[in-house]
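Start from the sequences and build out the full structure, keeping to the hints where you can.
Protein chains: 2
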Amino acid sequence: MFTFHTQKYFSFNKFLFLSICSLVLFTESISSQETLAEKLGYQKDAKLLIVHADDLGLAHAENMATIKSLEKGVVNSSSIIMPAPWVSEIANYAKKNNNAQDLGLHLTITAEWKNYKWGPVASKEKVPSLINEQGYFFEECPSNASVAEVETELRAQIELAYAMGIKPTHLDSHMGCLFWGNLKFFEVYLKLAREYGLPCLVDKSFGSLFPSEDAFQQLLKDQDVMVVLDQDFTISEEQYAEGPEQYYTSTLRSLEPGLTQFLIHTAYDNDEMQAITIDHPSWGAAWRQADFDFFTSDVCKQIIKEERIILVTWREISKVLKN
Amino acid sequence: MFTFHTQKYFSFNKFLFLSICSLVLFTESISSQETLAEKLGYQKDAKLLIVHADDLGLAHAENMATIKSLEKGVVNSSSIIMPAPWVSEIANYAKKNNNAQDLGLHLTITAEWKNYKWGPVASKEKVPSLINEQGYFFEECPSNASVAEVETELRAQIELAYAMGIKPTHLDSHMGCLFWGNLKFFEVYLKLAREYGLPCLVDKSFGSLFPSEDAFQQLLKDQDVMVVLDQDFTISEEQYAEGPEQYYTSTLRSLEPGLTQFLIHTAYDNDEMQAITIDHPSWGAAWRQADFDFFTSDVCKQIIKEERIILVTWREISKVLKN
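Order-wise, the sequence lines are chains A and B.
Going by the numbering used here, the first residue of the first sequence is number 29, and it counts up by one from there.
Going by the numbering used here, the first residue of the second sequence is number 29, and it counts up by one from there.
It is possible that some hints are incorrect.
[Said to hold, decoys possible] What the simulated footprint calls covered on chain B by chain A, stretch by stretch (three residues with Cβ under 8 Å from a Cβ of chain A suffice, anywhere in the stretch; the number is not a length):
id, stretch
1, 65–73
2, 110–116
3, 151–160
4, 185–193
5, 298–305
Source of the hints: derived by calculation from the structure; they are not laboratory data.
Note that the structure is predicted; figures quoted are calculated from it, not measured.
Where is the CB? At the ideal position from N, CA and C, for every residue including glycine.
In structure tokens:
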């Protein structure tokens, strides 16, 4: 879930933030002479799209809907909450399918649901600042947690993925805690992405979190970072209220050339999801069903065809960036 | 779940074992002059029954069905898997209801389901012999695990229950790992029951696990134990295949005087439970739905009425034993 639980911690509007932000891929440095689209074999002004479903491992209903949307819909990428209870179901799927799907790690340091909890992958004694008195993650981003402990936990999540037979294609951050929680967390995130050779999602708007835009640019430079101008969309509560199909349709119809990512959440609106998301209609069960319905619909496929949108994955991008 | 996953570890038939065994309550010593039935205010030859649903906290479907069976059915006791993901839902229920229900702790050192996992409540570093390389509990009873680590983990589970606002009424053992896994585990179980002042379920047939029956009797004596002759029933795979209603009906119709416990598992046969119990028809989703159906039925209530069976709880028993 790429949510806005963290709003109380930040003054800026993250809906707007995400809607206008660009996407940055952290990976090996490449020549700036050629666009990503060209490297992938498309026209310079091609409209490339990743349709990315967050929160695999959260629930059986999330796993099943997301797998179906990856196999039958236009969803072509997803990422996994490693501390969540249903991760083994995804690991078994990944192994059975020879890790054919685009599966990233949705690095997670929160357990935000009221009645359904998880704690760290690392030993609790090693990450005391990340857990509440019951041993679970906090519901909100723990912005004042120990940076060293965040690194310990994120490293444990990545190592667990490999130990379970998952070959992650990329990294991102659940609830954005590694982006807007603490600048030092962001640096850990970049460090681990480089260390494991995994591309990771970054907004270039993150520059606003740094003492200066220059300092941010320097960090990108020091990381041998390739910046791919892009757009990154996720539906807001207001847009959901107006109708998901309307929002997604208009956004796809007006897609700009370059690389765009849709961050969505696909699950079934059943007893399990309704119970997990109780008291939380935003990113709730019906919301996730609506995402599933649109991105597995013929309407969506037709729009993508008519708009000549090209679906690309993190795996494909990673390969050309590494060549 | 009071299951027979552990069959490979033991040569005796636990179905038979449970069907013929008696129930022993470990609590403060009391006079042997008066029967439990009399202490509770009933005739000496009264038929007392606890209908006990295991595995609270396992799943939303398990929680909802068990709460309904506690509130509307004849189920009058239950116990909680503290390391499981849905424990917060039960803790919130217990607090909201001022711990009015009979809720014990189903002490757990296994994670037996294929796609749905949990690990220890204690810090993983403190209980390395209880976890696999992924940090989850093993699927089978870890009979060779460190006894000290078992104590650490069980203590953590009991402490977590209190920290979450649950006031446990009794202790028992998930999959019987503390009974037939290792005699030293059984001693830890008794020790913690005494330390926390909680009655715990024991079969007097456990004597067969000791070097001699005398040694077992001595252990009971040293623990100031009150032995309540009783019967303890759980449905076997063969009995389930023949029809749960038939088994439960005939067992209730032939109930002996004294204290009897039925160990059952109440959940809904829905997507969530089917996914959790995948590849495991015994104690599966349909099995749990059948338990729910029978023990919330008018047929069951009528049999209990006709047979003059008196429903008693661990809480009630604990009170009279302590007086």
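Closer than 8 Å, Cβ to Cβ, for at least three residues: run that test on the stretch 185–193 of chain B against chain A and report holds or violated.
Coverage by chain A holds here, the residue count being 3 at a Cβ distance below 8 Å.
So is the stretch 65–73 of chain B in contact with chain A by the C-beta rule, three or more residues under 8 Å, or is the coverage claim wrong?
violated (count 0)
Tell me if chain A covers the stretch 110–116 of chain B under the three-residue, 8 Å CB rule, please?
The restraint on the stretch 110–116 of chain B holds, since 4 of its residues have a Cβ under 8 Å from chain A and three suffice.
Please count how many residues of the stretch 298–305 of chain B have a CB within 8 Å of a CB from chain A and say whether that reaches 3.
holds (count 5)
With a cut-off of 8 Å between beta carbons, are at least three residues of the stretch 151–160 of chain B near chain A?
holds (count 4)
Checked against the numbered hints listed earlier, the structure breaks hint 1 alone; every other hint is satisfied.
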